[in-house]
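Trainee: So the sequence lines, in the order shown, correspond to chains A and B.
Residues 10 to 340 (the working numbering) are what the first sequence spells out, left to right.
Residues 10 to 340 (the working numbering) are what the second sequence spells out, left to right.
Calculated from the structure, these hints are not laboratory results.
Predicted, not measured: the structure shown is a model, and the values here were computed from it.
Zero decoy hints are in this set.
Since the list gives no way to pick out one identical chain from another, each pair is judged satisfied if it fits inside one copy or across any two copies.
Straight-line distance between alpha carbons at most 25 angstroms, and here's what the computed BS3-like set of lysine-lysine pairs gives:
no., residue 1, residue 2
1, Lys237, Lys18
2, Lys11, Lys209
3, Lys55, Lys76
Protein chains: 2
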Amino acid sequence: MKKFVNDPKMYVPDMLKGLALANPDTLRYVPKYNLIMRAGGPNPNKVSIIQGSGSGHEPAHVMTVGKGMLDAACPGDVFAAPPMDYVYETTKLMASPKGVLLLVNNYTGDRMAFEMAQEMAESDGITVKTLFIDDDVAVQDSTWTVGRRGVAGNFFVMKAVGAASEAGASLDELVRIGEKVDSVTRTMGIALTSCTPPAKGSPLFDLGEDEIEVGVGIHGEPGRRRAKLTTADEMTDEMLDAVVNDLPFVEGDRVALMINGLGGTPISELYILYGHAHDELTRRGITVGRSYVGEYCTSLDMAGASLTLVRLDDEIEGLLAAPAEIAAHVF
Amino acid sequence: MKKFVNDPKMYVPDMLKGLALANPDTLRYVPKYNLIMRAGGPNPNKVSIIQGSGSGHEPAHVMTVGKGMLDAACPGDVFAAPPMDYVYETTKLMASPKGVLLLVNNYTGDRMAFEMAQEMAESDGITVKTLFIDDDVAVQDSTWTVGRRGVAGNFFVMKAVGAASEAGASLDELVRIGEKVDSVTRTMGIALTSCTPPAKGSPLFDLGEDEIEVGVGIHGEPGRRRAKLTTADEMTDEMLDAVVNDLPFVEGDRVALMINGLGGTPISELYILYGHAHDELTRRGITVGRSYVGEYCTSLDMAGASLTLVRLDDEIEGLLAAPAEIAAHVF
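Isolated chain A (complex conformation) (with noise of 0.2 angstroms):
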């Protein structure tokens, strides 16, 4: 394993101590239980947006806290579930009177943690929604996961809401929002290798050097199949035709267009993926409103990418447009 770690059992709280020194006028980390959260805490006058998910997905979601995303987030270890207690104490830390939408991404342990900690935290007088994020088309069921699982397309859902809970919007509306981006939110992922937990040292999983997995989710599962390395082009059909044809996308459609990185792959590879899926598009008479090439929800330093697409109207192109500070880039 060739990584910048010191303890493997420290990557996380290692890397969020860092996350909190780079910006100390805007995050604070809270060691006790491993959550990051504005600065200011809670704002009174808008929801709070609380999004968990094992680590190794970054900058998905410790680096998407800030004005116009979420106001804490809630990490577990490398892709393992948030403790159920830990969500329950964010989740009280950042209550509002305006109430706490939490946002998780539909994997089995994730969703059992956020309602127990949902009931937790009513049982206290806090009102709390829940939203599932299930964007990937790859498979129905998988290794940790009933039904679909959550993939780089959940950053659309919380930009979405983050957007509309900065302008007041309610709980209720922020959860009709949120349901509705994931409706019409469709991603799908190729792996060119797998990826190394810390913890573990060695890969994950193995693929021969002309393999792919097609499909992959973001925590090495397994996808459709496993197939022969090919073409930039070749590898972006296969997850545009599976992502248009499940919504599906159609002629005269306007939409977001996502490349995701999956950690190890440069991004000058992404803009490649990017080229061709936008001519697809178009000659599928699909504009592309809005465009989206980098890391979003990564697999630690797995190579590989995923494609997304948002079917667009007024109202998610607006809150999509909408501005946002973050910490996950800084130029």
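Here the structure of chain A is known, so what remains is to put chain B in place on it, guided by the hints.
Mentor: Below, chain B without anything else, positioned relative to chain A:
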């Protein structure tokens, strides 16, 4: 080689095409000269700033074209200087009555291309100045360099002169600012793995399973020495000591601290390096005034990182804090 690539010869054009398609309102791609420019062309009220270098360092420099940073980027093929006539054509296209500033990382091939292009443009009556960046403390001369190499610290020069040019600074003033920033900027990198140029199809150099290259160049050039892989904290100390002792940075200094990923290292690991570097600087009485963690200047898919410090004064800090709107990261 496991990459998203079509014909390796088309790696750079395919990427640039995607970049321009993803940013139709702000960027224009001119295939004939392999250049990326602001969609609006040269602005007669500001000096035009152009940076060029080999490709493979993305987001540098093609993804840092935009308001507050570059007016155009003139990339070569992967790890190859741009052709002199392309630099000349870019300079002509971007000619402004206020002049043109060429930013060049200090490599012999790049210097040659830019210096000849400057002469040709000057004989056309265009006012041009060239500024060389050489922030890498690792080695004095190297494979393709006389003197020190220009690496990730070039970001700070781009950002400072970009901000000043938006505010209307003259060409001479930009040269003064750029030289000043370069003179207080120091960088050192460590490679955990090699990188694989698409046209070569195999790793550029060999590193043993437990070996690192201390002081690696951004084209895989040798650094100071091979060493054994050790902890994140120890590798941070190695980079920090080299950088701090070089200028030197001393107690009472206020600095910008950048941890730059070399392409294959996830951002989670970069924050681990950041946290320890911040602690160590604090211990030495050096204040971190601005923080940058992410990918700024990469080496394709190399796993590794570099650490940059910039000694801040009010002028530099103000320029670094100015807004910029670039394609590199969209949130």
